[in-house]
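With the hints as a guide, dock the two chains, each given alone in a separate frame, to form the complex.
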Amino acid sequence: MPRILLIEDNELNRDMLSRRLQRKGYEVLIAVDGQRGVAMAQSEVPDLILMDMSLPVIDGWEATRRLKAAGETKHIPVIALTAHAMSTDRDKAMEAGCDDYDTKPIELPRLLGKMEALIGGGEKTSDSEEGA
Amino acid sequence: MKELPKAIEERVQHMLPADLLHDLRTPLGHILGYSELLIEQVQEAGHEEFVPYLEKIRTAGRQLLEMMKDNFQGVRPPGGES
Numbered sequence: 002m003p004r005i006l007l008i009e010d011n012e013l014n015r016d017m018l019s020r021r022l023q024r025k026g027y028e029v030l031i032a033v034d035g036q037r038g039v040a041m042a043q044s045e046v047p048d049l050i051l052m053d054m055s056l057p058v059i060d061g062w063e064a065t066r067r068l069k070a071a072g073e074t075k076h077i078p079v080i081a082l083t084a085h086a087m088s089t090d091r092d093k094a095m096e097a098g099c100d101d102y103d104t105k106p107i108e109l110p111r112l113l114g115k116m117e118a119l120i121g122g123g124e125k126t127s128d129s130e131e132g133a
Numbered sequence: 002m003k004e005l006p007k008a009i010e011e012r013v014q015h016m017l018p019a020d021l022l023h024d025l026r027t028p029l030g031h032i033l034g035y036s037e038l039l040i041e042q043v044q045e046a047g048h049e050e051f052v053p054y055l056e057k058i059r060t061a062g063r064q065l066l067e068m069m070k071d072n073f074q075g076v077r078p079p080g081g082e083s
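Chains as they are written, first to last, in the numbering used here: chain A, 2 to 133; chain B, 2 to 83.
Chain B on its own, in the form it takes in the complex (with noise of 0.2 Å):
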């Protein structure tokens, strides 16, 4: 398992795991699904020399995913839902 660094570590277990985890996925994905679209009509109009910028910021992302379930997975406030 990847560990966070010390400074997020403790702020993050302030925070109520769940909330936590929802407010990290959600700009998390408008970045991958923007990053994808955008690598999809970049291709469309040709203008392949963005495709790897693109293609960075769309691994970045994926990367901070697989983070946050490896440090997260299966946690939430005692009686959370939604």
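Just chain A, with the same shape it has in the complex (with noise of 0.2 Å):
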């Protein structure tokens, strides 16, 4: 069961991405802030990092440079995921070490197939049968 660990302030978002990746076979590992995503990656060496860009104590940006300077976490593929749609973003975290980007409301249909073109697929559970 590929591990992911989602980085992101916003409680709904955790609670409702975490669900629905649940669902498609995905463990999913949460931090609420840049800092804990960091040290989180770091103890837990995720497959996936799923990274919120505007994070409090430090930001997606910030967190990606120093996830992908730092030898055990940098092979470790990270999507960016923002609330803003414009190509300056997508360059900016691309620029930042992000290995894809992806914007909200998320598609989850499309940023699935991100992933799996990056780690291939979760398991499937069950209760995730249905179509999406």
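In short, the hints are calculated from the structure, not lab data. From a predicted model like this one, the values you see are computed outputs, not experimental measurements.
Listed next, the stretches of chain B that the computed footprint assigns to chain A, with coverage defined by at least 3 CB atoms under 8 Å from CB atoms of chain A:
1. 20 to 31
2. 36 to 49
Just the calculated beta-carbon pair ranges, DEER-fashion:
3. A:Lys75 with B:Val52: 37 to 47 Å
4. A:Gly114 with B:Ala8: 32 to 42 Å
5. A:Pro110 with B:Leu65: 11 to 21 Å
6. B:Asp24 with A:Glu63: 15 to 25 Å
7. A:Lys69 with B:Gly47: 45 to 55 Å
8. B:Ala8 with A:Gly72: 51 to 61 Å
9. A:Arg111 with B:Ala46: 21 to 31 Å
10. B:Glu67 with A:Ile31: 22 to 32 Å
11. A:Glu73 with B:Pro28: 30 to 40 Å
12. A:His76 with B:Lys57: 42 to 52 Å
13. B:Thr27 with A:Ser88: 16 to 26 Å
14. B:Ala8 with A:Glu45: 41 to 51 Å
Backbone N, C-alpha and C fix where the C-beta goes; we use that ideal spot for every residue, glycine too.
Below is the structure:
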């Protein structure tokens, strides 16, 4: 079961996305700010990180730069999530070291496609056979 | 391009466009995400009678998102970022 670290400060976003990913067969770890996210990435070494970019303490760009600069975490794919849809936001995320980028509101099939391109799919569970 | 009602348009003009777009996208994401999650769960639970109502919520949310994209695409305050 792929382990995903979701770094997101908005409680409802965390709850909603973690539930939906769990139903698709992913194990979801949670961090609520950039600093805690970096620490959890170092201790848990997840298969992929979903990184909100507008985070407290340290933002998603700085958190990504730190993760990509550290030997134990630089191999972990990072997908940036932002509520802005500007091409410059995408460029900025990629410059920070993100491997891909997606915009909110999350379209789950689109996000799952990007995740699977980086790490392969989650495991289907008995309650995840429905159409998206 | 769809037009916003005049009162909303005037109010919107006094806000920073990128901030407004960000602030609107967050709760809209909750509406869309939870409605999609509920559709899946009520189908699994066999409560098909609730699905059309949840689909109406999801459809309305998607329409609102499209209106936002049409009206605010590419706007942000000078020097603004996240």
